[in-house]
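Trainee: Residue numbers for the sequence shown follow numbering that gives the first Met the number 0, beginning at 0 and rising by one.
Any given hint might turn out to be false.
As the list claims (entries may be wrong) - Computed spacing ranges between beta-carbons, pair by pair: (1) K56 - G140: 30 to 38 Å; (2) G234 - K196: 37 to 45 Å; (3) G140 - I67: 17 to 25 Å; (4) F143 - A245: 14 to 22 Å; (5) D147 - K64: 45 to 53 Å.
As the list claims (entries may be wrong) - Result set (DSBU-like, lysine-lysine): computed pairs, CA atoms no more than 35 Å apart in a straight line: (6) K68 - K122; (7) K100 - K27; (8) K38 - K27; (9) K125 - K64; (10) K5 - K65; (11) K38 - K2; (12) K100 - K65; (13) K1 - K123; (14) K38 - K196; (15) K23 - K43; (16) K61 - K47; (17) K123 - K38; (18) K38 - K125; (19) K209 - K123; (20) K23 - K64; (21) K64 - K38; (22) K196 - K125; (23) K64 - K100; (24) K123 - K68; (25) K123 - K100; (26) K196 - K123; (27) K23 - K123; (28) K55 - K27; (29) K55 - K43; (30) K50 - K5; (31) K4 - K100; (32) K2 - K27.
These are calculated hints, taken from the structure and not from any lab test. Glycine included, every Cβ here is placed at the ideal spot set by N, Cα and C.
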Amino acid sequence: MKKLKKKVIIVTGGSGLIGLATLKHIAKEGAIVINADIKPHPRKINAKFHKMDITKKSSIQKTIKKVIKTYGRIDGLVNNAYPRTEDWGNRFELVTEESWKANVDMQMNSVFNICQLISEEMKKQKNGSIVNLASIYGVVGNDFTVYDGTDMTSPAAYAAIKGGIINFTRYLASYFGENQIRVNTVSPGGVFNHQPKRFVENYEHKVPLKRMAQPEDIAPAISFLLSDESSYITGHNLIVDGGWSAI
C-alpha cells in the first residue's frame, strides 16, 4: 500500500536537486504533490506546479490559499527551498554583513514564515507533518580538509542557518504537539552535484560508506517522516549522511 496515498503535500524548491527526487518519491507513494518554486519542474514529474517566491510572505499566502481552495487541506510540508545570494560561496573573511543578513532572511526567516502560515491550516485539521531540510553542518563542525585542492568552501551562514532550523524544529514540535502537528528535520550529508573531482575524492575518502549521497538517498527519509509510519516521531533530526557524523 502506498504510504502517502491522497495526502496533499507542498514541497518548496521542488525544482532543485533534492526537491526533484522528493517530488518523484512522494508522488510514487501516492501523494498529491505541489511543487512551490519560482521555476517549474520537468513536465514528466507527476506533481502540480505553483509559482511561489519563498522569500515573500505574500507569495506564500497566495500559494496556501490556492491549495486550500483546491484540495481543502494541507497534510504535509517539505521546507526544501534554498535561496541564496550570488556571493554565497565567499570565504568567511570576505562575507559582508549585508550578505549575512540577506541569507539569514531568505533561508531561515522564510522557514519561519511558511511554518507559521501552514500551521494555522494544520491546527484546523488537528493533524499535519512538516519536514525541514537542514544539514550535517547544522549538527557537527565543518571539516575544511575536504576542500583541499579546490576553490570551494562551506559558507559560514550555512552552519548558522541549518543549526538554527534544527532547533527551531524542536520548538515547533513541542509547541504544536497538542494539535497533532509533527515537525521533524532531515539533515543530509554531502550530496553529489558534479563538484570538482578533488572535492569528491576528499569527501568520499572520509565518509564511512565511501560515496557521496545521491538525491534519491535523501527522498525516502523525507517521505517516511511525512507518512503515518512515523506517527509517533516529532522533534527529531534524521541524519542521512553515510555515517559522516558517526565518526
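Trainee: Does each hint hold? Answer for all of them.
Mentor: We went through each hint and held it up to the structure:
The hinted window of 30 to 38 Å between K56 and G140 holds, with their beta carbons roughly 33 Å apart. Checked against the hint of 37 to 45 Å, the pair G234 and K196 passes, with Cβ atoms roughly 39 Å apart. A hinted range of 17 to 25 Å is violated for the C-beta pair G140 and I67, which are about 42 Å apart. Between F143 and A245 the beta carbons are some 19 Å apart, a value that agrees with the proposed interval 14 to 22 Å.
One distance hint, 45 to 53 Å for the beta-carbon pair D147 and K64, holds here, with the actual separation near 49 Å. Proximity of K68 to K122 is assessed by CA-CA distance (about 17 Å); at most 35 Å being required, the pair is judged to hold. Between K100 and K27 the alpha-carbon distance is near 38 Å, which puts this suggested pair outside the 35 Å criterion. For the suggested pair K38 and K27, the alpha carbons sit about 22 Å apart, so the restraint of at most 35 Å is met.
A threshold of 35 Å between alpha carbons decides the hint, and for K125 with K64 the separation of about 18 Å falls inside it, so the pair holds. Distance hint between K5 and K65 is fulfilled; the C-alpha atoms sit about 17 Å from each other, no more than 35 Å. Taking the CA atoms of K38 and K2, the gap is about 28 Å. The hint holds against a cut of 35 Å. A threshold of 35 Å between alpha carbons decides the hint, and for K100 with K65 the separation of about 31 Å falls inside it, so the pair holds.
Restraint check for K1 and K123: satisfied, since their Cα atoms lie roughly 25 Å apart, inside the 35 Å limit. For the hint linking K38 to K196, the alpha-carbon distance of about 29 Å falls within 35 Å, and the restraint holds. For the suggested pair K23 and K43, the alpha carbons sit about 10 Å apart, so the restraint of at most 35 Å is met. For the given pair, K61 sits about 15 Å from K47 by alpha-carbon distance, which is consistent with the 35 Å threshold.
About 30 Å separates the Cα atoms of K123 and K38, which keeps this hinted pair within 35 Å; it holds. Between K38 and K125 the alpha-carbon distance is near 32 Å, which keeps this suggested pair within the 35 Å criterion. With a C-alpha separation of about 46 Å, the suggested pairing of K209 with K123 is violated against the 35 Å cut-off. Straight-line distance between C-alpha atoms of K23 and K64 comes to about 24 Å, which keeps the hinted pair within the 35 Å bound.
The hinted pair formed by K64 and K38 meets the criterion: a straight-line CA distance of about 19 Å does not exceed 35 Å. For the hint linking K196 to K125, the alpha-carbon distance of about 48 Å lies beyond 35 Å, and the restraint is violated. At roughly 29 Å between alpha-carbon atoms, K64 and K100 fall within 35 Å of each other, so this suggested pair holds. Under the criterion of a C-alpha separation no larger than 35 Å, the hint pairing K123 with K68 is consistent with the structure, at around 15 Å.
Distance hint between K123 and K100 is fulfilled; the C-alpha atoms sit about 34 Å from each other, no more than 35 Å. For a cut-off of 35 Å, the pair hint linking K196 to K123 is broken: about 50 Å separates their Cα positions. For the suggested pair K23 and K123, the alpha carbons sit about 28 Å apart, so the restraint of at most 35 Å is met. Taking the CA atoms of K55 and K27, the gap is near 30 Å; set against the 35 Å cutoff, the hint holds.
Distance restraint check for K55 and K43: the Cα-Cα separation of roughly 28 Å lies within the 35 Å cut-off, and the hinted pair is therefore satisfied. For the suggested pair K50 and K5, the alpha carbons sit about 22 Å apart, so the restraint of at most 35 Å is met. Between K4 and K100 the alpha-carbon distance is near 40 Å, which puts this suggested pair outside the 35 Å criterion. At most 35 Å may separate the alpha-carbon atoms for a hinted pair to count; K2 and K27 meet this at roughly 9 Å.
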